[in-house]
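So the sequences go chain by chain: D and B.
Residues 1 to 198 (the numbering used here) are what the first sequence spells out, left to right.
Residues 1001 to 1198 (the numbering used here) are what the second sequence spells out, left to right.
There could be a bad hint or two in this list.
Said to hold, decoys possible - According to the in silico footprint, chain D covers these stretches of chain B (three or more CB under 8 Å from chain D):
id, region
1, 1049 to 1062
2, 1070 to 1083
3, 1153 to 1166
4, 1182 to 1188
As the list claims (entries may be wrong) - Some chain D residues well away from chain B (every beta-carbon gap over 10 Å; in silico):
id, residue
5, Asp13
6, Arg63
7, Glu76
8, Gln176
9, Glu179
10, Arg184
11, Val185
Derived by calculation from the structure, the hints in this document are not laboratory data.
Virtual Cβ for every residue (Gly too), placed ideally from N, Cα, C.
Number of protein chains: 2
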Amino acid sequence: MARVVCDISISADGFATGVHQTLERPFGDGPVEQLHRWMFETPDENAAERAAIVAADAFIMGRNMFGPGRGEWDLEWSGWWGEDPPYHKPVYVLTHHERDDLPMRGGTTFHFITGGIEAALTRAVEATGDGTIAIAGGATTVNQFLAAGLIDELRLHIAPVVIGAGERLFDGVPPQGLEQISARVSTLVTHISYKINH
Amino acid sequence: MARVVCDISISADGFATGVHQTLERPFGDGPVEQLHRWMFETPDENAAERAAIVAADAFIMGRNMFGPGRGEWDLEWSGWWGEDPPYHKPVYVLTHHERDDLPMRGGTTFHFITGGIEAALTRAVEATGDGTIAIAGGATTVNQFLAAGLIDELRLHIAPVVIGAGERLFDGVPPQGLEQISARVSTLVTHISYKINH
């Protein structure tokens, strides 16, 4: 059976972004650069967690995670990651606007899904069989999957910062128990992994 | 100089209580019993953290932490903890209603402070000198102290549960950087300590 995992970096107060996300500031206002310092400034210290983020067999992401645009597609836009995105696998992008598949270098192909989270998950399962499917963000997409009970393992990367406003992880997610798998602190982040029993 | 610390148990989504707190359900609705299981079910595993919670030289708490009442005092009420509360030191209770000092067995004396958080802190500093002052909760009181920049060390005890609604830690606290001191996982909780630089 496919396993659905999710990695997300959040602040101590639970935000994955600030407010006012734009092309220039994809994570919005506030001290949001603190959220991902652990990845860029201490890569060796967090090598295992960084590797796990892109170790899945397929990925599902919200449109905001793919690009800053809204409404009809700007077909010149091919994601934030350049010609060779770090996924190297199929990536299913949730959108209300149809678009043809977009193959990139290195094995990443973006597929655009207009049928919602279940449709994206069905496509990902078809592509991967018993593989691992990663919900790649952002918080709004993760919250949809959490609320629907579709995530098996949630890996939080809690950065030492208070952001105060923005997209908050768990917004709209109903009360439920989690099971701690592990936690580890490194210089700029605390990693906590939860198993979600359905 | 006095050092101000704060311990608080929160859910993975950041709540310290559920909604609808009452005498019978002081932490409100939802799976709130999960918040403190680590203290009661795995005391030995968390002996150091439990000891630290009551190791201060003085304590400050909100009225809701002292009792369920609102408005004028029910003088029969002497706190949730029985005749010998676990503090064994002066405890300053924030309230809008004056009340005489309430000495208990074992060295705990409750002092009722109507002048707000700064007045309580001043009294605690006068009593302890260079000692440690603990902000004992609840979340509303902790948030007031955090927003005012009056806490030096924040120790989160993150329980593996989603509560969904209630009093949330960090509500109204402005954006700011924190400094990780330590983190440790045990069976039912992840402990994270932050230093707050002012």
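To see whether the hints hold, each was checked on the structure:
| no. | hint | verdict |
| --- | --- | --- |
| 1 | 1049 to 1062 | violated (count 0) |
| 2 | 1070 to 1083 | violated (count 0) |
| 3 | 1153 to 1166 | holds (count 7) |
| 4 | 1182 to 1188 | holds (count 6) |
| 5 | Asp13 | violated, 4 Å |
| 6 | Arg63 | holds, 24 Å |
| 7 | Glu76 | holds, 34 Å |
| 8 | Gln176 | violated, 5 Å |
| 9 | Glu179 | violated, 6 Å |
| 10 | Arg184 | violated, 8 Å |
| 11 | Val185 | violated, 3 Å |
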